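> Note that the protein sequences, when read in sequence, are chains A and B. Taking numbering that gives the first Met the number 0, the leading residue of the first sequence gets 0, the next gets one more, and so forth. Taking numbering that gives the first Met the number 0, the leading residue of the second sequence gets 0, the next gets one more, and so forth.
I should point out that these hints are in silico values taken from the structure, not numbers from a laboratory. This structure is a prediction, so every number in the text was calculated from the model and none was measured. It is possible that some hints are incorrect.
The following residues of chain A were derived to be distant from chain B, with all beta-carbon distances above 12 Å [to be verified]:
no.: 1; residue: 29
no.: 2; residue: 57
no.: 3; residue: 58
no.: 4; residue: 79
no.: 5; residue: 92
no.: 6; residue: 98
no.: 7; residue: 125
no.: 8; residue: 142
no.: 9; residue: 155
no.: 10; residue: 168
no.: 11; residue: 205
no.: 12; residue: 207
Below, in silico cross-link-like pairs of lysine to aspartate or glutamate (DMTMM-like), each with a Cα-Cα straight-line distance of 20 Å or less [unchecked claim]:
no.: 13; chain 1: A; residue 1: 208; chain 2: B; residue 2: 9
no.: 14; chain 1: A; residue 1: 134; chain 2: A; residue 2: 117
no.: 15; chain 1: A; residue 1: 167; chain 2: A; residue 2: 145
no.: 16; chain 1: B; residue 1: 165; chain 2: B; residue 2: 199
no.: 17; chain 1: B; residue 1: 38; chain 2: A; residue 2: 192
no.: 18; chain 1: B; residue 1: 7; chain 2: A; residue 2: 87
no.: 19; chain 1: B; residue 1: 27; chain 2: A; residue 2: 92
no.: 20; chain 1: B; residue 1: 25; chain 2: A; residue 2: 125
no.: 21; chain 1: A; residue 1: 155; chain 2: B; residue 2: 199
no.: 22; chain 1: B; residue 1: 27; chain 2: A; residue 2: 121
no.: 23; chain 1: B; residue 1: 59; chain 2: B; residue 2: 199
no.: 24; chain 1: B; residue 1: 7; chain 2: A; residue 2: 28
no.: 25; chain 1: A; residue 1: 155; chain 2: B; residue 2: 33
no.: 26; chain 1: B; residue 1: 64; chain 2: A; residue 2: 221
no.: 27; chain 1: B; residue 1: 8; chain 2: A; residue 2: 229
no.: 28; chain 1: B; residue 1: 8; chain 2: A; residue 2: 193
no.: 29; chain 1: B; residue 1: 27; chain 2: A; residue 2: 117
no.: 30; chain 1: B; residue 1: 27; chain 2: A; residue 2: 229
no.: 31; chain 1: B; residue 1: 25; chain 2: A; residue 2: 225
no.: 32; chain 1: A; residue 1: 155; chain 2: A; residue 2: 168
no.: 33; chain 1: B; residue 1: 27; chain 2: A; residue 2: 225
no.: 34; chain 1: A; residue 1: 208; chain 2: A; residue 2: 221
no.: 35; chain 1: B; residue 1: 25; chain 2: A; residue 2: 229
Facing chain B, from chain A, some residues (calculated, C-beta under 8 Å) [said to hold, decoys possible]:
no.: 36; residue: 119
no.: 37; residue: 123
no.: 38; residue: 137
no.: 39; residue: 190
no.: 40; residue: 191
Each residue gets a CB set at the ideal place from its N, CA and C atoms; glycine is no exception.
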Amino acid sequence: MEERNLRNDLNVAGMSQTAGGNFHRVSIDGMAKVNGNLDCTSLNVNGTLKMHGALSSESATINGMCTLNGPLISSRVRVDGLTTINGDLRSPELEVNGKCTVRGRVDGERIDIGGVIDIEGDIQCESLNVQGNIKISGFLNAGTVEIKLHTSSSAKEIGGERIDIRRKEQTGFWKSIGLGGTPSFKTSLIEGDEIVLEDTEADIVRGSKVHIGRGCNIRLVEYSGELEVDPDAKVGSSQRI
Amino acid sequence: MTDDLISKKELLDLTGISYGQLYRWKRKNLIPEEWFIRKSSYTGQETFFPKQQILLRIDKILNMKDGLSLDELADVFSPTLGEVEMSAQDLLERNIVSSISLELLKEAGQERSLYALEQIMMLYVLDKLLMSGDITRQEGTLLIDVMSEHYYRFTGKPSELVLIRKMGVPSFMLVTAGTELYFDNGVKVILRQPMGTFMEELKLKLG
Chain A
0 MEERNLRNDL
10 NVAGMSQTAG
20 GNFHRVSIDG
30 MAKVNGNLDC
40 TSLNVNGTLK
50 MHGALSSESA
60 TINGMCTLNG
70 PLISSRVRVD
80 GLTTINGDLR
90 SPELEVNGKC
100 TVRGRVDGER
110 IDIGGVIDIE
120 GDIQCESLNV
130 QGNIKISGFL
140 NAGTVEIKLH
150 TSSSAKEIGG
160 ERIDIRRKEQ
170 TGFWKSIGLG
180 GTPSFKTSLI
190 EGDEIVLEDT
200 EADIVRGSKV
210 HIGRGCNIRL
220 VEYSGELEVD
230 PDAKVGSSQR
240 I
Chain B
0 MTDDLISKKE
10 LLDLTGISYG
20 QLYRWKRKNL
30 IPEEWFIRKS
40 SYTGQETFFP
50 KQQILLRIDK
60 ILNMKDGLSL
70 DELADVFSPT
80 LGEVEMSAQD
90 LLERNIVSSI
100 SLELLKEAGQ
110 ERSLYALEQI
120 MMLYVLDKLL
130 MSGDITRQEG
140 TLLIDVMSEH
150 YYRFTGKPSE
160 LVLIRKMGVP
170 SFMLVTAGTE
180 LYFDNGVKVI
190 LRQPMGTFME
200 ELKLKLG
């Protein structure tokens, strides 16, 4: 493969349509449509990008709007705008401060969500940090999961080492408008070594050290080490295994 | 697929590993996705594993963990082919295959000066099956045929080797791992083994 920094740059200011290809730095400041695959060192979108094909880049920053009809492979992805990926997303580092919709699976190492993410497939990473809203239709497999609940979030199943889902106190303005409903988390199954939950509705929770905090509604808890249940939580039955 | 499944709970009880470890190994691709079999049970959905394969795999991971990092381990278990080239002499000296299988390969007209991993794998499987007495020399030729013709199609995918006999007439098959196969009454399945286990053994020998 040719050296990436010997390639041309692609700059779009205004409206343009291109076929895709290999570039060094790609920056979209207007509206662009790419009708093929794009391979580049860095991608910067400040306007609108619509792509029909796969995107692979070393880093991708999206400040505007971006729709990808294909997989996104990158070593660093930051979404501050609105992004829809009709495919898989693979990036060791992913940061979402806007809204990101992925219609495939997500593979990463460190994932930070400050905004909203909606994933239709499974998600797999070492650490997941959420300070926003997350909806996973598939299975969440992560080393550490830390979710600060703002609104209603959900995942089909969660498995990992440390799972920490807690309420974030809302004050003043945000509380009064009640944006997105009360903080809650819905899932069918949580399995992990250390589990701390608040405001979570789950069918089964399994772990060795389990803390069920306020506002939880769990049908069955299975634990091997210790279990603490807040008086403000509902637990159908618990069993030491 | 064999009916011999083990539930996740039983597995953790039996091996003493935690949920965290199990999921970490899954993330590192030490345990393939297709081994996680979802079935409904009286408590709702439950996950099952092919018992023999998963117990063997976990045993291996636990025993080799100290010497190798998880990523290196993943390399050992991955079904993809690496970059290896060895001559017949090397293979004999390193005790990977015996001269019998090399001769058989020569008879089949597939002799090379250097063997890539794909061919070493073929020789290794051939040698193992011949030595264990599972197949005859004639069947060995069939094995060479099917593996040299079709094994490349499974690059990066798990596959199984199946040997059937009907009225003494043998036939080899390479199938995607986990495929269900049904035969008429006269067919006897002599052997059904995941290629992955051969590859793991071989990679450890080459390593």
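> Against each hint, give a clear statement of whether it holds in the structure.
Each hint, compared with the structure:
1. Against chain B, the non-interface label of residue 29 (chain A) holds: every CB pair exceeds 12 Å, the least being about 40 Å.
2. Look at residue 57 (chain A): its CB is around 21 Å from the nearest CB on chain B, clear of 12 Å, so calling it non-interface holds up.
3. Every CB of chain B is more than 12 Å from the CB of residue 58 (chain A) (nearest about 23 Å), matching its label as outside the interface.
4. Separation of residue 79 (chain A) from chain B is adequate, the least Cβ-Cβ distance of about 27 Å exceeding the 12 Å criterion.
5. Remark: the non-interface label on residue 92 (chain A) is consistent with the geometry, its nearest Cβ contact in chain B lying 16 Å away (cut-off 12 Å).
6. For residue 98 (chain A), the condition that its CB be more than 12 Å from all CB atoms of chain B holds, with the nearest at approximately 26 Å.
7. With a cut of 12 Å on Cβ distances, residue 125 (chain A) falls inside the contact zone with chain B, its closest approach being about 7 Å.
8. For residue 142 (chain A), the shortest C-beta to C-beta distance to chain B comes to about 6 Å, within the 12 Å cut-off, and the non-interface label is violated.
9. Against chain B, the non-interface label of residue 155 (chain A) is violated: not every CB pair exceeds 12 Å, the least being about 10 Å.
10. For residue 168 (chain A), the shortest C-beta to C-beta distance to chain B comes to about 29 Å, beyond the 12 Å cut-off, and the non-interface label holds.
11. Distance to chain B contradicts residue 205 (chain A) as a non-interface residue, since its nearest Cβ pair spans about 7 Å, not more than 12 Å.
12. Residue-level check failed: residue 207 (chain A) sits 6 Å from the nearest beta carbon of chain B, not beyond 12 Å.
13. Simply put, residue 208 (chain A) and residue 9 (chain B) have alpha-carbon atoms about 19 Å apart, close enough for the 20 Å limit, and the pair holds.
14. At most 20 Å may separate the alpha-carbon atoms for a hinted pair to count; residue 134 (chain A) and residue 117 (chain A) meet this at roughly 5 Å.
15. Straight-line distance between C-alpha atoms of residue 167 (chain A) and residue 145 (chain A) comes to about 12 Å, which keeps the hinted pair within the 20 Å bound.
16. Between residue 165 (chain B) and residue 199 (chain B) the CA atoms are separated by roughly 31 Å; this puts the pair beyond 20 Å, and the hint is violated.
17. Pair hint residue 38 (chain B) plus residue 192 (chain A) does not hold up; C-alpha atoms about 23 Å apart against a cutoff of 20 Å.
18. Between residue 7 (chain B) and residue 87 (chain A) the alpha-carbon distance is near 28 Å, which puts this suggested pair outside the 20 Å criterion.
19. Restraint check: the Cα-Cα separation between residue 27 (chain B) and residue 92 (chain A) comes to about 17 Å, which is no more than 20 Å; the hinted pair holds.
20. Distance hint between residue 25 (chain B) and residue 125 (chain A) is fulfilled; the C-alpha atoms sit about 12 Å from each other, no more than 20 Å.
21. For the hint pairing residue 155 (chain A) with residue 199 (chain B), the CA-to-CA distance comes to about 33 Å; that exceeds 20 Å, so the pair is violated.
22. Note on residue 27 (chain B) and residue 121 (chain A): the hinted pairing holds, with a Cα-Cα distance of about 15 Å set against a maximum of 20 Å.
23. Taken as a hint, the residue 59 (chain B) and residue 199 (chain B) pair is honoured in the structure, with Cα atoms around 10 Å apart against an allowance of 20 Å.
24. The suggested pairing of residue 7 (chain B) with residue 28 (chain A) is violated, with an alpha-carbon distance near 51 Å, which exceeds 20 Å.
25. Between the alpha carbons of residue 155 (chain A) and residue 33 (chain B) the distance comes to roughly 18 Å, so the proposed pair stays at or under 20 Å and holds.
26. At roughly 28 Å between alpha-carbon atoms, residue 64 (chain B) and residue 221 (chain A) are farther apart than 20 Å, so this suggested pair is violated.
27. A C-alpha spacing of about 26 Å is found between residue 8 (chain B) and residue 229 (chain A), which places the hinted pair above 20 Å, so the restraint is violated.
28. About 17 Å separates the Cα atoms of residue 8 (chain B) and residue 193 (chain A), which keeps this hinted pair within 20 Å; it holds.
29. Taking the CA atoms of residue 27 (chain B) and residue 117 (chain A), the gap is about 24 Å. The hint is violated against a cut of 20 Å.
30. About 35 Å separates the Cα atoms of residue 27 (chain B) and residue 229 (chain A), which puts this hinted pair outside 20 Å; it is violated.
31. The straight-line distance between the Cα atoms of residue 25 (chain B) and residue 225 (chain A) is roughly 26 Å, outside the 20 Å bound, and the hint therefore fails.
32. About 25 Å separates the Cα atoms of residue 155 (chain A) and residue 168 (chain A), which puts this hinted pair outside 20 Å; it is violated.
33. Our distance criterion of 20 Å between C-alpha atoms is broken by residue 27 (chain B) and residue 225 (chain A), whose separation comes to about 28 Å.
34. Taking the CA atoms of residue 208 (chain A) and residue 221 (chain A), the gap is near 10 Å; set against the 20 Å cutoff, the hint holds.
35. Proximity of residue 25 (chain B) to residue 229 (chain A) is assessed by CA-CA distance (about 32 Å); at most 20 Å being required, the pair is judged violated.
36. Among the interface hints, the one on residue 119 (chain A) is violated; its C-beta lies about 17 Å from the nearest C-beta in chain B, farther than the 8 Å criterion.
37. For residue 123 (chain A), the interface hint holds, since its Cβ comes within 8 Å of a Cβ in chain B; the closest pair sits about 5 Å apart.
38. A distance limit of 8 Å between C-beta atoms decides the matter here; for residue 137 (chain A) the minimum to chain B is near 12 Å, and the interface restraint is violated.
39. A hinted interface residue such as residue 190 (chain A) counts as satisfied when its beta carbon comes closer than 8 Å to some beta carbon of chain B; here the least separation is about 4 Å, so the hint holds.
40. Below 8 Å, beta-carbon pairs count as interface contacts, and residue 191 (chain A) has one with chain B at about 5 Å; its hint therefore holds.
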